[in-house]
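Got chain L; can you put chain G on it based on the hints?
Protein chains: 2
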Amino acid sequence: MMNYISLILLSAALATGILCSGQDVKQTVVEDFKPSTLNQPGKQYPQVNSRGRVRASISAPQALRVQLDIGGKKYDLRKDDKGVWTGESDPQDEGFHYYQLVIDGAQVPDPGSMYFFGAGRWGSGVEIPASDQDFYSLKNVPHGQVREHLYFSEITRSWRRCFVYSPPGYESNLSARYPVLYLQHGMGEDETGWSVQGRANLILDNLIAEKKAVPMIIVMDRGYATRANQPSSPGAGRTEAGPTVFTAFEEVLIKEIIPMIDASYRTVADRSHRAMAGLSMGANQTIQITMNNLDLFSYIGGFSGTSNYPGTAEIDPGKFMNGKFSDAKALNEKINLFWLSLGTKEPDPFPGSVGAFRRMLEKSGVKYVYYESPGTAHEWLTWRRSLYQFAPLLFR
Amino acid sequence: MMNYISLILLSAALATGILCSGQDVKQTVVEDFKPSTLNQPGKQYPQVNSRGRVRASISAPQALRVQLDIGGKKYDLRKDDKGVWTGESDPQDEGFHYYQLVIDGAQVPDPGSMYFFGAGRWGSGVEIPASDQDFYSLKNVPHGQVREHLYFSEITRSWRRCFVYSPPGYESNLSARYPVLYLQHGMGEDETGWSVQGRANLILDNLIAEKKAVPMIIVMDRGYATRANQPSSPGAGRTEAGPTVFTAFEEVLIKEIIPMIDASYRTVADRSHRAMAGLSMGANQTIQITMNNLDLFSYIGGFSGTSNYPGTAEIDPGKFMNGKFSDAKALNEKINLFWLSLGTKEPDPFPGSVGAFRRMLEKSGVKYVYYESPGTAHEWLTWRRSLYQFAPLLFR
Chain L
24 MMNYISLILL SAALATGILC SGQDVKQTVV EDFKPSTLNQ PGKQYPQVNS RGRVRASISA
84 PQALRVQLDI GGKKYDLRKD DKGVWTGESD PQDEGFHYYQ LVIDGAQVPD PGSMYFFGAG
144 RWGSGVEIPA SDQDFYSLKN VPHGQVREHL YFSEITRSWR RCFVYSPPGY ESNLSARYPV
204 LYLQHGMGED ETGWSVQGRA NLILDNLIAE KKAVPMIIVM DRGYATRANQ PSSPGAGRTE
264 AGPTVFTAFE EVLIKEIIPM IDASYRTVAD RSHRAMAGLS MGANQTIQIT MNNLDLFSYI
324 GGFSGTSNYP GTAEIDPGKF MNGKFSDAKA LNEKINLFWL SLGTKEPDPF PGSVGAFRRM
384 LEKSGVKYVY YESPGTAHEW LTWRRSLYQF APLLFR
Chain G
24 MMNYISLILL SAALATGILC SGQDVKQTVV EDFKPSTLNQ PGKQYPQVNS RGRVRASISA
84 PQALRVQLDI GGKKYDLRKD DKGVWTGESD PQDEGFHYYQ LVIDGAQVPD PGSMYFFGAG
144 RWGSGVEIPA SDQDFYSLKN VPHGQVREHL YFSEITRSWR RCFVYSPPGY ESNLSARYPV
204 LYLQHGMGED ETGWSVQGRA NLILDNLIAE KKAVPMIIVM DRGYATRANQ PSSPGAGRTE
264 AGPTVFTAFE EVLIKEIIPM IDASYRTVAD RSHRAMAGLS MGANQTIQIT MNNLDLFSYI
324 GGFSGTSNYP GTAEIDPGKF MNGKFSDAKA LNEKINLFWL SLGTKEPDPF PGSVGAFRRM
384 LEKSGVKYVY YESPGTAHEW LTWRRSLYQF APLLFR
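Residue numbers (the numbering used here), protein chains in the order written: chain L, 24 to 419; chain G, 24 to 419.
If you're looking for bench data, these hints aren't it; they were derived computationally from the structure.
C-beta: ideal position from N, C-alpha, C; glycine also.
Don't take each hint at face value.
As the list claims (entries may be wrong) - If you anchor each label on the Cβ, the simulated ranges turn out as follows:
#1 L:S82 to G:K105: 26 to 36 Å
#2 G:S82 to L:D371: 27 to 37 Å
#3 G:A199 to L:D339: 50 to 60 Å
#4 L:R419 to G:S154: 52 to 62 Å
What the hints assert, rightly or not - Covered stretches of chain L (in silico footprint by chain G; criterion: 3 or more residues with CB under 8 Å from a CB of chain G, positions within the stretch not fixed):
#5 141-154
#6 169-178
The following block holds chain L by itself, in its conformation from the complex:
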């Protein structure tokens, strides 16, 4: 019995790196793996242990090399005598991560996981249970609905799609009208991101059940748009210069999506009842679009991104975005909430660019609220937490 406990303590010490000084010391892996909650029905792999390691496994009898590719690092799997390859990653941050398998050079989704659109593709995802996972869990509270809404855009001359969250009670309380949050995904993601990886519907269901947020409609649209007569721009949305796809989305949102939503749902169609937020590229878009249209929006949320991206240099409020941030008194009167967030482990340039943007706001005297997600990087747990912190402040 003592030996068993000693072994556990030793394992724990090794896993957390306490006893590891040399590079080649093999860490003992804590054997409490469980199937990821994002696995396909009945699939046993990938698995996650209490230290956040991800264990992948796949049958590939004739393969020469199989790797797990997660968090920017590839881990070699080991083959057993039945041709099944298995292996573990280093501990990952809590929350959601995209990953893939590499089989003899072929980059493929793991047949064990469900699939999520990110990094410009449908691919595998794994969930490291977070210490605060309760706020985005499926619980026994009244649930709203997520609706697929198809529409034709005259500006882009194409069919587009948004997902619309209608809160609990929307169907039974037919005379009620609701405020609207326009909520945007990041670069490489799409209109499915917020209601799937982001769990925006469950976060709001839980907040509304606890009366921490008012019932609201959430519109999750596709942040890419190209005018019918212009070529698409692959690196779009990333620079302050504002390429085609970026400015076309503003036009689609203002001229097509908002009027359509106000016509199709029981909204309160004024700026006091309209918010916009987004993550990363979506944060950049949010700040640009809301500051260009303060007659339409009074709540602004930038999660892990700002409109000076990727710049980290000091910003002159008199010049930035044509001086839109220079009149702090007018902005502070007009804007009900300017809200920014960042994960504490975000990579460059996010800490620098968000930091420079905050200093610009402070220099100018524009009020804002700032939140930091502890222990998370440029990933979905940062954004789930951001929505959880941001939504209760809306429409009060």
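Frame of chain L; chain G shown alone:
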């Protein structure tokens, strides 16, 4: 010019097999491949040519063997000097097909396609454009919505999900009430099947726009259910004996889903305005459940399946399902529509089991409508066409 035309004619003849007598004759592949409409954004492969061949391509520089696995057959791909493997299948039937890649023995989804739940997993799908694809295409007509509806089942003690189609006008015409079609997927599929692979929403949008079908709500639920105190049965739903998962779904539908739908949506909650249909396993379930509950349903649709599955023997209407089909006069008065369908290329035992069921109805004198989908097997084009034929007959 003559040479070019001759080549096209020769290619056509070869591709259709006219000149192929020997097993080893290499068929010329018609080079008019286009990316499948079900590809991920921007992905060039898989592609489909005018003869229904599927061409797959994937980079796997270190692989020894890569295969395309479609329609029950594996096709070896060829490697080029850059390590990209490419190759074609035989011509496939028009419509939707599940498929996968096999890389050195590993069965994986194709990173080029979108993913669909079928055969018990999320996997790749490819679409061979059908001659009649117009009826399920996204067109410039008013569109309904597909809503994700989460609910807790007390019978199974678990969270379940259905997708609910609300027709165009549902949101604007708040005093209108609608009939309901309960529409079930097949074995190995789930509640996503009908609105994704099946395109049920687009089929109804188009029918309603042409005034060929009345506006209706469609509920697409998960056809598996296990009572909380009973173990799940993996081969469930396939036999007449009625294993746990099968009868538990009936109980969940009757006691939980129908009351929930009638409470949550503006339905007309009587048997004259309630239909049930399903494909394969879902057809088996539909016939069992509606015949057990004729006080609740008056329209019945069995697509590619009947409740004698997998039996092909003659059926005695006096004994089958406890004699439920023996009183034809009463049934013909009570049932507004009993509708069956099959694809002309369906494999055993479907032609035999559906045939035996039809002869039983005829022997008893129970009226029914029968439809055959030309040139399709036990696949989604058969079921899209079935819905397109069935829905106009409902609620008249």
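Here is how each hint holds up against the structure:
For S82 (chain L) and K105 (chain G), the hinted distance range of 26 to 36 Å is satisfied, since their beta carbons lie about 27 Å from each other. At about 30 Å, the CB distance of S82 (chain G) to D371 (chain L) agrees with the hint of 27 to 37 Å. Remark: the range hint 50 to 60 Å for A199 (chain G) to D339 (chain L) is upheld by a beta-carbon distance near 57 Å. Hint check: R419 (chain L) to S154 (chain G), Cβ distance near 57 Å, so the stated range 52 to 62 Å holds.
Three residues within the 8 Å Cβ limit are the bar, and the stretch 141-154 of chain L against chain G gives 4, so the coverage statement holds. Counting residues of the stretch 169-178 of chain L whose CB lies closer than 8 Å to any CB of chain G gives 7, which reaches the minimum of 3, so the coverage claim holds.
Of the hints listed earlier, there is not a single one the structure fails to meet.
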